[in-house]
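Residues per chain are reported as follows:
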Amino acid sequence: MHGAEILLQPGVFPRLLQGLWVTIWIAGVSVLLSLPVGLVVGWLMTLRNPIVRFIMRVYLDFIRIMPQLALLFIAFYGFARAFNWNLDATGACVLVFVLWGGAELGDLVRGALESIPRTQYESAQVLGLNSWQTFSRVILPQALRRLLPASVNLITRIVKTTSLAALLGVIEVIKVGQQIIDANRFQYPDATLWIYGVIFFMYFFVCWPLSIVARRLEKRWAHD
Amino acid sequence: MLAGFAACGPSGATPGSDNNSGSSSTGAGKQQTARTLDQIKKSGKLKVAVFSDKAPFGYVDKDGKNQGYDIVFAERLAKDLGVKPEYTTVDPAARVDVLASNKVDVTLANFTVTPEREEKVDFAKPYMKVALGVVSPDSKPIKSVDQLKGKTLIIAKGTTAEPYFAKYPDIKLQKYDQYADAYNALLDGRGDAMSTDNTEVLAWAKANKVFTVGITKLGDEQPIAPAVQKGNKALLNYINEEIVKLGKEQFFHKDYDQTLKPVYGDSSNPDDIVVEGGKI
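First to last, the sequence lines map onto chains A and B.
Just so you know, we're using our numbering here: the first sequence kicks off at 1429 and counts up by one.
Just so you know, we're using our numbering here: the second sequence kicks off at 3 and counts up by one.
Please note that a few of the clues may not be correct.
27 Å max Cα-Cα, derived BS3-like pairs, lysine-lysine [said to hold, decoys possible]: (1) Lys67/B / Lys44/B; (2) Lys56/B / Lys1588/A; (3) Lys81/B / Lys56/B; (4) Lys263/B / Lys219/B; (5) Lys281/B / Lys127/B; (6) Lys1588/A / Lys64/B.
Reference listing, derived: stretches of chain B covered by chain A, where coverage requires no fewer than 3 residues with Cβ under 8 Å from a Cβ of chain A [to be verified]: (7) 61–69; (8) 94–102; (9) 203–210.
Partner residues are not named here, just some residues of chain A that face chain B (Cβ under 7 Å, in silico) [stated by the list, open to error]: (10) Arg1443; (11) Ala1508; (12) Arg1509; (13) Gln1606; (14) Phe1614.
To be clear, the hints were calculated from the coordinates, so they are not data collected in a lab.
Quick reminder that beta carbons are idealized off the backbone N, C-alpha and C, glycines included.
This is chain A alone, in the form it adopts within the complex (with noise of 0.2 Å):
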């Protein structure tokens, strides 16, 4: 139990509280800005003109294929040596978070959109409703409630996956973690454990309450 005495000790748990708020800061951010480019694409992806159709379709491949590590370094580095832009670690983070969020909620955004019944449509005009009324009060709540558990997924997701941050430099809470660590490496050897079981906790208590809501909203949802 040595180990443990760590946690105790001052600055430690404060620190890492720190380097959660920045992990809580990107992922926020990267999710309330993907948000709006995640159903502004999907709309897009539902359109006929097969123009804007192919460009989607190569915007959302290439980031659904390209490692988000391998992203992070091309907006960090390469863009900087390329086109003399010289974004900030944790721009460059955001930058890449949100085009990666918005592809995929894009994706099932139309994916929501298309599982419609087409009769719905029909049936909405029947009663008299114009598009844009048949769009806010029939389609999209429909939608919305096929969208939430996908969502909620990718959001966590993003959360996790912002660890990678620290490789660019970011002292976000994993990288708070492993000064901790290398710091105290001679007084606690064994503290590796117990930083990494708290950071765990850190994640999970992010994550939990997400569900959590989802879980409550779908519930809700079933009975309307």
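With chain A held as given, fit chain B onto it using these hints.
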């Protein structure tokens, strides 16, 4: 490997341009030009790439402040330039790329000079050196390579100790993949001694009281030096002059006393590690 990926951009292969004139041509498709001395002074900040998890050379203390042997030098370098240091923490693999993409002005992160790295960055004069060390139990200390003949030596795979001791057929080598395993093997008495970087064994022996570093300096000494972007002659010359100047006041010995001595103890000789005035 992934860092190399980013380097595959259209300009990645043209790092040799000479930027000492001080003109900041920043056209698209060109490698980003390093900041000149004037630009650094004007901005009031010297951007330095450091380690944040390699105690006691570059680490972060309990208050979240950068500390260590490299950081003491960085603080002084910035102070003499009349600016404040701004730290970017890096991983070993990122040390070349942060310079090439101009994220930082200088890398001070336990950067060993190697021919491959010299093709990509410009190294200044060394301020430290590293060689091999041999650690053994207090009760049966190993003080020379001759004493190792017929005995078992523990080493970690991939370290410079591996090729070095391959030259001695009389010494039985026991190899481990992980540092931790190699140290545990020594603790368990599965070998007579263990060898790796002297900076590493000295720190370990300090934490494990019944062991001693009988040989503190063995094999080729590898210099550790500050690095700047390829072609940034003005900053390189400035750092070289600074290192020579600091040598006159034995600055790196003071740095050693402040940061490394508490870890290595009184028994080890600072001259095995410290380089003054850039002369090995």
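These are the hints, each one checked on the structure:
1. Lys67/B / Lys44/B: The hint holds at about 25 Å.
2. Lys56/B / Lys1588/A: Holds, because 25 Å separates the two Cα atoms, which is no more than 27 Å.
3. Lys81/B / Lys56/B: Measuring from Cα to Cα gives roughly 23 Å; hence the hint holds.
4. Lys263/B / Lys219/B: holds (17 Å)
5. Lys281/B / Lys127/B: Answer holds: lysine 281/B to lysine 127/B is near 8 Å, not above 27 Å.
6. Lys1588/A / Lys64/B: holds (25 Å)
7. 61–69: With 6 residues closer than 8 Å to chain A, the region 61–69 of chain B meets the three-residue bar; holds.
8. 94–102: Contact hint for the region 94–102 of chain B vs chain A: holds, 4 residues under 8 Å.
9. 203–210: With 3 residues in contact (Cβ-Cβ under 8 Å with chain A), the coverage given for the region 203–210 of chain B holds.
10. Arg1443: holds (6 Å)
11. Ala1508: holds (4 Å)
12. Arg1509: This interface hint holds because 5 Å falls under the 7 Å limit.
13. Gln1606: At about 5 Å, which falls below the 7 Å cut-off, the nearest Cβ of chain B leaves the hint on glutamine 1606/A intact, so it holds.
14. Phe1614: holds (4 Å)
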